[in-house]
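Chemist: Chains as they are written, first to last, in this note's numbering: chain R, 1 to 236; chain F, 1 to 223; chain D, 1 to 256.
Any given hint could be a false lead.
Said to hold, decoys possible - Calculated pairs, DSS-like style, for lysine-lysine (alpha carbon to alpha carbon, straight line, at most 30 Å):
{"#": "1", "chain 1": "D", "residue 1": "K71", "chain 2": "D", "residue 2": "K220"}
{"#": "2", "chain 1": "D", "residue 1": "K226", "chain 2": "F", "residue 2": "K217"}
{"#": "3", "chain 1": "R", "residue 1": "K119", "chain 2": "F", "residue 2": "K211"}
{"#": "4", "chain 1": "F", "residue 1": "K46", "chain 2": "D", "residue 2": "K67"}
{"#": "5", "chain 1": "R", "residue 1": "K216", "chain 2": "R", "residue 2": "K138"}
{"#": "6", "chain 1": "F", "residue 1": "K117", "chain 2": "D", "residue 2": "K226"}
{"#": "7", "chain 1": "D", "residue 1": "K120", "chain 2": "D", "residue 2": "K84"}
Unchecked claim - Here are some of the chain F residues that sit facing chain R, going by a computed Cβ distance under 8 Å:
{"#": "8", "residue": "E59"}
{"#": "9", "residue": "G63"}
{"#": "10", "residue": "S65"}
{"#": "11", "residue": "I67"}
{"#": "12", "residue": "A76"}
{"#": "13", "residue": "I155"}
{"#": "14", "residue": "K159"}
{"#": "15", "residue": "S162"}
{"#": "16", "residue": "L163"}
{"#": "17", "residue": "L166"}
{"#": "18", "residue": "I178"}
{"#": "19", "residue": "R180"}
{"#": "20", "residue": "A187"}
{"#": "21", "residue": "V194"}
Unchecked claim - Computed footprint of chain F on chain D, listed as stretches where at least three residues anywhere in the stretch have a Cβ under 8 Å from a Cβ of chain F:
{"#": "22", "segment": "51-63"}
{"#": "23", "segment": "79-92"}
{"#": "24", "segment": "101-108"}
Simulated from the structure, these hints should not be mistaken for lab results.
Please read these numbers as outputs of a predicted model, since none were measured by experiment.
Each residue gets a CB set at the ideal place from its N, CA and C atoms; glycine is no exception.
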Amino acid sequence: MKWNWEIFFDAFPFVLQGLGITVGLTVTCYLFALLLGFFWTFLRRVPSRPFHWFVTWAMEFIRSTPPLVQLFFIYYAWPMIPGVGVTLSPFASAVLGLGIHFSTYIGEIYRSGIESVDKGQWEAATALNFSTYQKWRKIILPQAVPPVIPMLGNYFIIMFKEVPLASTVGAAGILYMANTYGARNWAYLEPLTIVGIIFLLLSYPSAIFIKKLERKMNTRFDKNTILENSQKGAVL
Amino acid sequence: MIKINALIEVFPQLARGLGITVSVLIAAAIFSYIMAFAAGLCRLSKNVFIRKATSVYVEIFRGTSLIVQLFWLYYAIPMLFGIQLGSNWWTGVIAIGLNYGAYMSEVVRGSILSVAKGQTEAAIALNMSPFQRMRLVIFPQALRMMLPEFSNYTIQMLKATSLVSLIGMTDILYYGDIIRSANLSQAPIVYVLVLIFYFLLALPLIFLQRKAEEISKKGVASQ
Amino acid sequence: MLKPIVEYKDVHKSFGEVEVLKGINLDIYPGEKIAVIGPSGSGKTTIIRMLMTLEEPTSGDIYVDGKNLWKMEKNGEMVRANEKHLREIRSDIGMVFQHFNLFPHMTILENCMTAPIHVKKEDKEEVRERSIHMLERVGLGDKLNNYPSQLSGGQKQRVAMARALVMRPKIMLFDEVTSALDPELVGEVLEVIRDLAKHEDMAMVLVTHEMDFALDIADKVLFLDKGIIAEQGTAREVIEQSDNARLQEFLRRFRK
Ligand SMILES: Nc1ncnc2c1ncn2[C@@H]1O[C@H](COP(=O)(O)OP(=O)(O)OP(=O)(O)O)[C@@H](O)[C@H]1O
Ligand SMILES: [Mg+2]
Chain R
1 MKWNWEIFFD
11 AFPFVLQGLG
21 ITVGLTVTCY
31 LFALLLGFFW
41 TFLRRVPSRP
51 FHWFVTWAME
61 FIRSTPPLVQ
71 LFFIYYAWPM
81 IPGVGVTLSP
91 FASAVLGLGI
101 HFSTYIGEIY
111 RSGIESVDKG
121 QWEAATALNF
131 STYQKWRKII
141 LPQAVPPVIP
151 MLGNYFIIMF
161 KEVPLASTVG
171 AAGILYMANT
181 YGARNWAYLE
191 PLTIVGIIFL
201 LLSYPSAIFI
211 KKLERKMNTR
221 FDKNTILENS
231 QKGAVL
Chain F
1 MIKINALIEV
11 FPQLARGLGI
21 TVSVLIAAAI
31 FSYIMAFAAG
41 LCRLSKNVFI
51 RKATSVYVEI
61 FRGTSLIVQL
71 FWLYYAIPML
81 FGIQLGSNWW
91 TGVIAIGLNY
101 GAYMSEVVRG
111 SILSVAKGQT
121 EAAIALNMSP
131 FQRMRLVIFP
141 QALRMMLPEF
151 SNYTIQMLKA
161 TSLVSLIGMT
171 DILYYGDIIR
181 SANLSQAPIV
191 YVLVLIFYFL
201 LALPLIFLQR
211 KAEEISKKGV
221 ASQ
Chain D
1 MLKPIVEYKD
11 VHKSFGEVEV
21 LKGINLDIYP
31 GEKIAVIGPS
41 GSGKTTIIRM
51 LMTLEEPTSG
61 DIYVDGKNLW
71 KMEKNGEMVR
81 ANEKHLREIR
91 SDIGMVFQHF
101 NLFPHMTILE
111 NCMTAPIHVK
121 KEDKEEVRER
131 SIHMLERVGL
141 GDKLNNYPSQ
151 LSGGQKQRVA
161 MARALVMRPK
171 IMLFDEVTSA
181 LDPELVGEVL
191 EVIRDLAKHE
201 DMAMVLVTHE
211 MDFALDIADK
221 VLFLDKGIIA
231 EQGTAREVIE
241 QSDNARLQEF
251 LRRFRK
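Please build the complete structure, drawing on both the sequences and the hints.
Modeler: Following this line, the structure appears as structure tokens:
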């Protein structure tokens, strides 16, 4: 095998056909993970020790086992379970599999955001007699969300790079297309290189954008100034 | 309900893949740590060329997908170097090692940079050479800061080893897939068992990570 | 006539556009105890950081034992000093910092032993003895194997002094070593410095806001204002005889 530019340009439009699926899958998986993340955060706040323990280890289990296996479980095994089994499309399996896997990380991010809000803020809100809803809506979330936005953004990029796993169950993203082209023409290197280039072109600028965002957030939500202000009682 | 027979049948078959999974993990982890320190230190070098060249490596491997890198190396290594590595084992180890080495080099760099400036100044005041400052003062503290992230990435690497089944390595997942394709109705028990295998392998790493977090809280002056 | 061990010759220092030091001329004689006082931002810290090679002068020269600190000769020309040159001269100088800067990953005994062993390549056992002796002298003989995080601020600062002392510098620099301490811990640190001033023959430069203490132990007092040495002399000269209005104002504010 030798590098062949003809194949490169021939494969390019073919591989590119998968971009819609790759991007669509990324966005869908990501939104699903964002949503499911709330669910974990909520579960972990249920004030029952055994329940908390159970949820923590469930999250740990999902997080420390391979998403590829989880994907296979949903795609191959779930339909075989009597009673609850449903056959899912490759796309839906990927959304479920990757969504669940990364929701455990997202849930942790939400939690860190909430925990980063100074304890005095809760007390102040209580002292001002806010309702629970108002407390979250007006005091806690406005402080908890912005600092974690860059971290959440990072997970969008991470998700983008994990989505090619879905090609293993037949979701026709760019990696799937590249492998298909390779199998047909017995030329893998060029189409795979194209996949790499597409990933680089999309993820590198996004990473830079998020770094900028992070810097901006850091200056806006400088922990020290928040702390200082709260000590002065100037926040409310 | 659960078919004990099936369980007894499947378990030993999956266990046959344990060796590959563990050996790929260990080799890839060692390789990635070496890459992480080499690249992390190079990115702090005074030499612009070294710095730039290293960041190209880091950005390429962080900017693309591990699975893409794995396939790419699988086809490219024989072509580019005109050699067969002898086995796909090496391809898996190299792909995972290079990928996570790139991520962890950022941890190395960041930790070294975040050791407080006063530490360097105190070391200068004690007339240490630049190398001694690094070896005796900065690096030991940076290392403590790196530990939790390193153990976290090692868990990520364990998960990543499952990809080598895609290039024909006979790891746990590979045997799982074999059983499943022979008898689809066994899929649930097979994949649940595979997941449990990986979780059991991850457990010591999870505890190691918690330990690392404790250690890293002590003995560091960070900015 | 004794030769000065340190000479500042028309030393200027700018940070970006801002000129912080505007021509410092200063001689320090062996064994001399000098107190540097002056308003915040007047450049006191910068003066001693340049001697410790933590900050490079923008222009002018600093000589240590007759050798130019920041410049060296190369092929008959004076060029910027390299690390080797700096290290040679630096061995005469020690410093204690406002924020201690102890090494948190080492016990306090290790903090003291590291540099003599690795930098001066001295015998380990001899260094250990000397370090223990020095830590006992600053009142920490019972804490040898503790880590810095287990000590109070005053104790940390005393370790920092012991650590600098085991290197046997000819000149010791103290940068506001008590200003990060709780008020009740200041006394114990000042006592150690007083003891050193009395019994050690090294030169000492103290940047401090502890005015009475400084005036008490110093052979010479420098009043730094707006980047120049506005007044200098013995404590008595500076306090009683100077008619510098800003100095009088400054003293009124800081002396109890
Ligand atoms: N690294 C630096 N970069 C920019 N400006 C600096 C730097 N270091 C010091 N400065 C400025 O130089 C001036 C003198 O600083 P210096 O620390 O020497 O003052 P000082 O007399 O020690 O003050 P203080 O009593 O507050 O410690 C200050 O205005 C300070 O802001
Ligand atoms: Mg100062």
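Chemist: Next, verify each hint and record whether it holds.
Modeler: Outcome of the hint check:
Simply put, K71(D) and K220(D) have alpha-carbon atoms about 28 Å apart, close enough for the 30 Å limit, and the pair holds. This hinted pair does not check out: K226(D) and K217(F) have alpha carbons roughly 42 Å apart, beyond 30 Å. Taking the CA atoms of K119(R) and K211(F), the gap is about 27 Å. The hint holds against a cut of 30 Å. A distance of roughly 28 Å separates the Cα atoms of K46(F) and K67(D); the hinted pair therefore holds under the 30 Å criterion.
For the suggested pair K216(R) and K138(R), the alpha carbons sit about 22 Å apart, so the restraint of at most 30 Å is met. A threshold of 30 Å between alpha carbons decides the hint, and for K117(F) with K226(D) the separation of about 27 Å falls inside it, so the pair holds. With a CA separation close to 14 Å, the supplied pair K120(D) and K84(D) stays within the 30 Å bound. With a least beta-carbon distance of about 6 Å to chain R, the hint placing E59(F) at the interface is held under the 8 Å criterion.
Annotation: interface hint on G63(F) holds; nearest CB of chain R at approximately 4 Å, less than 8 Å. Hint status for S65(F) relative to chain R: holds, with the closest Cβ pair at about 4 Å, below 8 Å. Hint status for I67(F): holds, given a least beta-carbon distance of 5 Å to chain R, under 8 Å. Taking 8 Å as the C-beta cut-off, the interface hint given for A76(F) holds, the closest approach to chain R being about 6 Å.
Taking 8 Å as the C-beta cut-off, the interface hint given for I155(F) holds, the closest approach to chain R being about 5 Å. With its C-beta approaching chain R no nearer than about 4 Å, K159(F) sits inside the 8 Å limit, and its interface hint holds. A least Cβ separation of about 4 Å between S162(F) and chain R falls short of the 8 Å threshold, and the interface hint therefore holds. For L163(F), the interface hint holds, the least distance from its beta-carbon to any beta-carbon of chain R being 7 Å, beneath 8 Å.
Annotation: interface hint on L166(F) holds; nearest CB of chain R at approximately 7 Å, less than 8 Å. Hint on I178(F) is violated. Least Cβ distance to chain R is approximately 12 Å, over the 8 Å limit. Hint status for R180(F): holds, given a least beta-carbon distance of 6 Å to chain R, under 8 Å. Taking 8 Å as the C-beta contact cut-off toward chain R, the hint placing A187(F) at the interface holds, the least distance being around 4 Å.
At a threshold of 8 Å, the smallest CB-CB gap from V194(F) to chain R is about 5 Å, leaving the interface hint in force. Figure legend: the segment 51-63 of chain D, annotated as covered by chain F; annotation consistent (3 residues with Cβ-Cβ distances under 8 Å, at least 3 required). Closer than 8 Å: that is the beta-carbon criterion, and the segment 79-92 of chain D has 4 residues meeting it against chain F, so the requirement of 3 holds. Check on the segment 101-108 of chain D: 5 of its residues sit with their Cβ under 8 Å from a Cβ of chain F, so the three-residue criterion for coverage holds.
Checked against the numbered hints given earlier, this structure breaks hints 2, 18; the rest are met.
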